[in-house]
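Which chain is which? The protein sequence lines are A and B, in order.
Numbering-wise, my numbering puts 566 at position 566 of the first sequence, and it's gapless, one number per residue.
Numbering-wise, my numbering puts 90 at position 90 of the second sequence, and it's gapless, one number per residue.
These are calculated hints, taken from the structure and not from any lab test.
Keep in mind it's a predicted model, so treat the numbers as computed, not measured.
Incorrect hints may appear among the rest.
As the list claims (entries may be wrong) - Quick list of in silico lysine-lysine cross-link-like pairs, BS3-like style, CA-CA up to 30 Å:
1. B:107 to B:66
2. A:337 to A:267
3. A:520 to B:66
4. A:337 to B:4
5. B:4 to A:382
6. B:4 to A:414
As the list claims (entries may be wrong) - Partial selection, computed: residues in chain A whose CB lies under 7 Å from chain B:
7. 340
8. 344
9. 380
10. 383
11. 388
12. 389
13. 392
14. 397
15. 582
Unchecked claim - Which bits of chain A does chain B cover? Going by a derived footprint, with three or more residues having C-beta under 8 Å, they are:
16. 354-366
17. 512-525
18. 592-604
Beta carbons are placed, not taken as given, at the ideal position from N, Cα and C, and that holds for glycine.
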Amino acid sequence: MIAEIGQYALILALVLALVQTVLPAWGARTGDATLMSVATPVAYILFLFVGSAFAALVALYLTSDFSVVNVVDNSHSRMPTIYKITSTWGNHEGSMLLWVLVLALFGALVALFGGNLPERLKANVLAVQGSIAVAFLLFILFTSNPFLRIVPPPAEGADLNPVLQDPGLAIHPPLLYLGYVGLSISFAFAMAALMEGRIDAAWARWVRPWTLAAWVFLTLGIAMGSYWAYYELGWGGWWFWDPVENASLMPWLSATALLHSAVVMEKRDALKVWTVLLAILSFSLSLIGTFLVRSGVLTSVHAFATDPARGVFILVILSVFVGGGLALFALRAGELKQGGLFAPVSREGALVLNNLFLTAATAAVFVGTLYPLALEAVTGDKITVGPPFFNLTFGGLMLPLVFAMPFGPLLAWKRGDLPGVAQRLMVAAGIAVVAAVVTAAAEDRGPVLAPVVLGIAVFVMLGALTDLAERAGVGRVSARVNLRRIVGLPRSAFGTALAHFGIGVCLIGIVCESSWSLEKIAAMRVGETITIGAHDLTLTRMENRTGPNFHARVAVFGIREGGVSQGEVVSGKRLFTARQMATTESGIRTFGFSQLYVAIGDETPDGQVSVRMTWKPLVTLIWLGTVVMAMGGLLSLADRRLRVGAPKPARRRVSPVPAE
Amino acid sequence: MTRKGRRLVLIAVALGVLGLAAGLVLTALNDTIVFFRTPTEVAERQVAVGQRLRLGGLVETGSLAKQGTSVRFVVTDGNGHVTVAYTGILPDLFREGQGVVAEGMLKPDGVFAADTVLAKHDERYMPREVADTLKKTGHWMEDAQNAKSPPAAPAAGALTQ
Numbered sequence: 001m002i003a004e005i006g007q008y009a010l011i012l013a014l015v016l017a018l019v020q021t022v023l024p025a026w027g028a029r030t031g032d033a034t035l036m037s038v039a040t041p042v043a044y045i046l047f048l049f050v051g052s053a054f055a056a057l058v059a060l061y062l063t064s065d066f067s068v069v070n071v072v073d074n075s076h077s078r079m080p081t082i083y084k085i086t087s088t089w090g091n092h093e094g095s096m097l098l099w100v101l102v103l104a105l106f107g108a109l110v111a112l113f114g115g116n117l118p119e120r121l122k123a124n125v126l127a128v129q130g131s132i133a134v135a136f137l138l139f140i141l142f143t144s145n146p147f148l149r150i151v152p153p154p155a156e157g158a159d160l161n162p163v164l165q166d167p168g169l170a171i172h173p174p175l176l177y178l179g180y181v182g183l184s185i186s187f188a189f190a191m192a193a194l195m196e197g198r199i200d201a202a203w204a205r206w207v208r209p210w211t212l213a214a215w216v217f218l219t220l221g222i223a224m225g226s227y228w229a230y231y232e233l234g235w236g237g238w239w240f241w242d243p244v245e246n247a248s249l250m251p252w253l254s255a256t257a258l259l260h261s262a263v264v265m266e267k268r269d270a271l272k273v274w275t276v277l278l279a280i281l282s283f284s285l286s287l288i289g290t291f292l293v294r295s296g297v298l299t300s301v302h303a304f305a306t307d308p309a310r311g312v313f314i315l316v317i318l319s320v321f322v323g324g325g326l327a328l329f330a331l332r333a334g335e336l337k338q339g340g341l342f343a344p345v346s347r348e349g350a351l352v353l354n355n356l357f358l359t360a361a362t363a364a365v366f367v368g369t370l371y372p373l374a375l376e377a378v379t380g381d382k383i384t385v386g387p388p389f390f391n392l393t394f395g396g397l398m399l400p401l402v403f404a405m406p407f408g409p410l411l412a413w414k415r416g417d418l419p420g421v422a423q424r425l426m427v428a429a430g431i432a433v434v435a436a437v438v439t440a441a442a443e444d445r446g447p448v449l450a451p452v453v454l455g456i457a458v459f460v461m462l463g464a465l466t467d468l469a470e471r472a473g474v475g476r477v478s479a480r481v482n483l484r485r486i487v488g489l490p491r492s493a494f495g496t497a498l499a500h501f502g503i504g505v506c507l508i509g510i511v512c513e514s515s516w517s518l519e520k521i522a523a524m525r526v527g528e529t530i531t532i533g534a535h536d537l538t539l540t541r542m543e544n545r546t547g548p549n550f551h552a553r554v555a556v557f558g559i560r561e562g563g564v565s566q567g568e569v570v571s572g573k574r575l576f577t578a579r580q581m582a583t584t585e586s587g588i589r590t591f592g593f594s595q596l597y598v599a600i601g602d603e604t605p606d607g608q609v610s611v612r613m614t615w616k617p618l619v620t621l622i623w624l625g626t627v628v629m630a631m632g633g634l635l636s637l638a639d640r641r642l643r644v645g646a647p648k649p650a651r652r653r654v655s656p657v658p659a660e
Numbered sequence: 001m002t003r004k005g006r007r008l009v010l011i012a013v014a015l016g017v018l019g020l021a022a023g024l025v026l027t028a029l030n031d032t033i034v035f036f037r038t039p040t041e042v043a044e045r046q047v048a049v050g051q052r053l054r055l056g057g058l059v060e061t062g063s064l065a066k067q068g069t070s071v072r073f074v075v076t077d078g079n080g081h082v083t084v085a086y087t088g089i090l091p092d093l094f095r096e097g098q099g100v101v102a103e104g105m106l107k108p109d110g111v112f113a114a115d116t117v118l119a120k121h122d123e124r125y126m127p128r129e130v131a132d133t134l135k136k137t138g139h140w141m142e143d144a145q146n147a148k149s150p151p152a153a154p155a156a157g158a159l160t161q
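Take these sequences, add in the hints, and give me the full structure.
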């Protein structure tokens with residue numbers, strides 16, 4: 001019964017999405033206000049119906065209804081409740097439903113918060129959103145229906161893939177989808193602007209908060225996925241340059257570029273065409289990511305089982321939206337008026353540089369991800385493009401960008417003073433050089449470049465602080481005025497500084513982890529001790545433990561530092577009974593920002609167990625840095641100027657803040 | 001600076017960045033890509049000693065030998081057999097008779113020194129290269145692959161190495 005309700009809700013949602021696509025767009029074309037006003041209520045109801053379908057699927061999982069194929073394949077009656085819920089989207093069908101749910105949610109949010117949008121723009125935006133919903137609802141109904149029944153129903157399910165039985169599944173996919181699909185709003189805005197052939201600074205003001213929100217979710221989603229892979233896979237790696245990871249990194253890079261170019265457009269009315277193109281490209285990359293993951297074209301560590309019908313269907317969706325978007329862009333971009341002149345050395349110039357590097361880096365990741373597929377299709381040669389490729393190309397393009405980052409916010413709009421800015425960054429640069437030299441002197445291991453990168457990271461962090469200090473006039477006016485100015489700064493100024501600071505933090509973590517980790521692999525018996533860095537690990541005992549749907553064999557290690565006990569760390573192997581599949585549970589202990597990472601292998605009959613232990617200096621900064629970045633984004637989002645929106649493009653109040 | 005001058009500077013910078021990107025990508029593609037080879041190709045010495053490559057096939061039953069953390073096993077595609085030496089912890093899904101991909105290089109004595117070992121990560125999944133190789137050499141058992149699959153095949157995604 002519940003499955004049928006879900007099925008009907010999906011079909012009705014498809015009809016509603018069609019209505020939301022056709023009527024408002026028709027109304028916008030003919031100037032019919034009644035037709036245009038259909039968009040808002042339909043967007044709400046669409047969300048309601050997709051939400052009902054999703055709730056129905058969750059209910060099926062919660063009650064372990066094994067008459068539904070999807071539940072049989074991915075659930076087990078003895079799974080903890082949290083995993084029964086999360087397994088709803090831990091499979092292909094359910095995750096596509098979550099995708100559409102997020103899409104409908106964003107559509108409803110545009111309808112809700114879009115009160116100050118011009119009627120025609122709003123109608124067109126919701127129409128474009130509706131058309132995306134149509135495409136993906138068709139995809140679900142025809143190729144990936146989660147509500148199919150099975151006769152006769154089996155007594156027990158096949159269990160969720162053990163690797164996915166982790167709280168990470170509860171957070172990672174929803175966050176990632178909020179990011180991916182959030183970019184559909186920027187895309188819809190771009191399409192609507194092109195349909196009207198009109199675009200101005202106000203457009204950028206409407207688009208920026210949506211892009212920013214999507215960017216924040218995408219940042220957190222990627223970081224969360226990285227940490228999940230780090231602790232769950234027992235490998236200790238936090239980024240594998242796996243195609244699926246790249247699929248989420250590409251939209252992130254492109255959305256980052258879009259955020260920055262939208263600033264130029266909002267403030268200076270320049271880079272219009274480019275901003276629209278980036279909006280189209282960002283969502284296209286989201287779709288390509290969906291295609292790569294869902295179609296099974298990749299031999300990926302994430303790859304879902306292959307089904308060509310799905311691949312072709314998504315490829316059609318991809319070509320319609322990407323091709324359609326780019327075609328409309330080619331037709332109409334010429335009509336968009338360019339404004340706002342600027343000198344090469346200026347804030348605008350710096351943002352253009354940022355965009356150039358980010359798009360080049362996106363392109364490099366794109367080539368590395370798709371080249372093996374293309375080569376195999378053409379020549380039949382099977383190759384792997386692995387971390388060395390990406391470290392060289394992506395690293396080579398990101399380092400100059402990161403180095404240039406502190407300069408950007410300090411440059412004035414229109415015409416900047418580079419020597420002046422360099423002078424103001426002297427303190428930051430000086431400390432960074434000292435940090436690099438001290439690190440190089442203290443660490444004789446690791447690549448030569450590592451201390452340099454560390455120095456750049458410090459430079460970025462201090463550069464962000466310099467920006468705030470400069471705005472407050474530190475050193476030029478009294479401390480009281482400094483304080484008043486700091487308080488008076490717009491939140492977006494803090495947002496920028498915080499986000500840039502976060503990149504520096506993240507970079508420090510990356511450099512330290514990849515250059516100065518210590519690793520030991522050994523076969524140990526109970527009672528034996530191994531020293532790694534400043535820590536001594538003793539294998540105190542081996543135990544059997546039992547979970548709801550698995551048996552575990554764990555190794556308990558005592559940690560000592562300079563003879564003082566620092567507690568225990570536990571690593572184990574779990575054997576999941578339903579799938580007869582084993583997973584490694586890594587043991588992680590955090591000391592400050594660094595971590596001790598322990599994973600065990602098989603136990604031999606004579607009681608030896610292979611152990612891999614790694615000391616990872618400052619590794620947590622990688623994820624803390626991304627959280628700081630996301631907080632920067634949230635702060636910007638809370639900026640009053642963005643919330644208020646822009647009823648009239650050119651009107652700007654004189655603000656009491658001097659350097660803005 | 002004139003409007004034209006500004007535009008020229010912009011274009012020059014853009015070309016510079018693109019040139020840098022293209023240069024990096026082409027260099028990296030030349031130096032860092034790793035080819036996939038079958039045991040037959042390796043056993044017949046079609047690959048140079050010391051060249052990085054990926055070797056994929058089935059772990060021969062009964063070939064696994066452990067000594068402390070050092071492991072040796074034989075990878076086969078039915079025709080060729082290559083001994084692989086590896087130090088470290090094998091992946092959870094590593095089993096004799098199952099698909100495996102090892103990355104590393106061939107040593108002069110014909111032993112393949114692996115620094116990374118990837119196993120298939122799901123009862124129904126096998127590295128695509130391995131599946132293709134087995135199909136080519138006629139060792140692919142369609143039934144064995146499908147026996148465990150429930151009616152509607154897709155397995156939940158796994159992210160294990």
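A quick look at each hint next to the structure:
no., hint, in the structure
1, B:107 to B:66, "20 Å, holds"
2, A:337 to A:267, "15 Å, holds"
3, A:520 to B:66, "18 Å, holds"
4, A:337 to B:4, "17 Å, holds"
5, B:4 to A:382, "48 Å, violated"
6, B:4 to A:414, "16 Å, holds"
7, 340, "12 Å, violated"
8, 344, "4 Å, holds"
9, 380, "10 Å, violated"
10, 383, "5 Å, holds"
11, 388, "4 Å, holds"
12, 389, "4 Å, holds"
13, 392, "4 Å, holds"
14, 397, "6 Å, holds"
15, 582, "4 Å, holds"
16, 354-366, "holds (count 6)"
17, 512-525, "holds (count 3)"
18, 592-604, "holds (count 5)"
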